[in-house]
Amino acid sequence: MKTNLLTFAATILILEPCQASNSFFDESTNAGPKITEINKTWCGLSSITIPADQWRDVETLYLGSNKLTNIPVGLSELPKLKQVYLENNQLRSVDDAAVQQFRRISTLHLQGNKMHRVSKTIGDLNDLKELNLAFNELTSLPAETAQLEKSLSTLNLMGNPLMKHGEKGALGWEDLQKIFGNKFLFNPPKKSLHKSAELHLASENGQSQDEHLTRPLAA
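No gaps in the numbering here: position 208 of the sequence shown is 208 in UniProt numbering, and each next residue is one more.
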């Protein structure tokens with residue numbers, strides 16, 4: 001019995017060096033295949049041009065483990081793009097222009113880069129649900145990050161040298177912990193945890209913080 005491939009959606013995995021993609025036949029228009037996923041991981045890319053006309057149906061883009069120093073321009077022209085993976089590159093910041101590329105993104109992985117700054121416009125990404133900034137060089141996040149409290153389900157900052165409290169209104173790890181609660185992933189320095197535990201114990205014993213910190217240790 002002869003089967004018409006255009007009567008159902010068939011997923012196809014196209015495997016070419018550094019050009020793997022997932023495609024499907026569009027039953028509604030009988031026009032296929034449509035590319036929904038692009039994987040260019042481990043391709044040695046230092047830059048990439050986004051072919052918006054060819055990738056208009058792409059929902060997931062993997063660009064991890066390359067040599068990218070800038071967020072690719074053109075991501076905002078992909079209307080269906082929801083997940084972007086840019087981990088383990090050489091990105092140094094998420095500036096205003098970069099944030100514009102992520103307007104419709106729900107999952108953004110930027111871990112393992114060299115980022116030391118995130119633009120305050122990060123708070124405008126209302127569709128963002130998962131933000132991974134682990135293992136970068138961030139010491140704080142802008143105060144506007146708090147605007148993502150309702151939309152974010154995960155904020156990962158593991159492995160960053162975060163200050164306890166940011167400067168000039170920026171958010172340190174303790175600030176972020178209060179805002180995001182269990183959605184915030186970070187291991188505070190052991191020294192900070194030890195000191196907090198001591199202060200908590202002193203408070204329970206009715207001692208002031210100053211009294212506890214200056215009280216000599218028993219021999």
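Keep in mind that a hint or two might mislead.
Restricting the straight-line Cα-Cα distance to at most 30 Å, the calculated cross-link-like pairs of lysine-lysine (DSBU-like) are [stated by the list, open to error]:
{"#": "1", "residue 1": "Lys150", "residue 2": "Lys129"}
{"#": "2", "residue 1": "Lys190", "residue 2": "Lys164"}
{"#": "3", "residue 1": "Lys120", "residue 2": "Lys82"}
{"#": "4", "residue 1": "Lys34", "residue 2": "Lys150"}
{"#": "5", "residue 1": "Lys82", "residue 2": "Lys114"}
It is worth saying that the hints were derived from the structure and are not from the lab.
| query | Do the alpha carbons of Lys34 and Lys150 lie within 30 Å of each other, as the hint requires? | reply | Violated - the C-alpha atoms of Lys150 and Lys34 are around 33 Å apart, more than 30 Å.
(Q) For Lys120 and Lys82, compute the direct alpha-carbon distance and say whether it is at most 30 Å. (A) holds (21 Å)
Check: Given the proposed pairing of Lys82 with Lys114, does the C-alpha separation stay at or below 30 Å?
Finding: Cα-Cα ~23 Å, so holds.
Can the restraint linking Lys150 and Lys129 be considered satisfied, given a maximum Cα separation of 30 Å?
holds (9 Å)
Need the status of pair Lys190, Lys164: alpha-carbon distance at most 30 Å?
holds (12 Å)
Hint 4 from the earlier list is the only one contradicted by this structure; the remaining hints agree with it.
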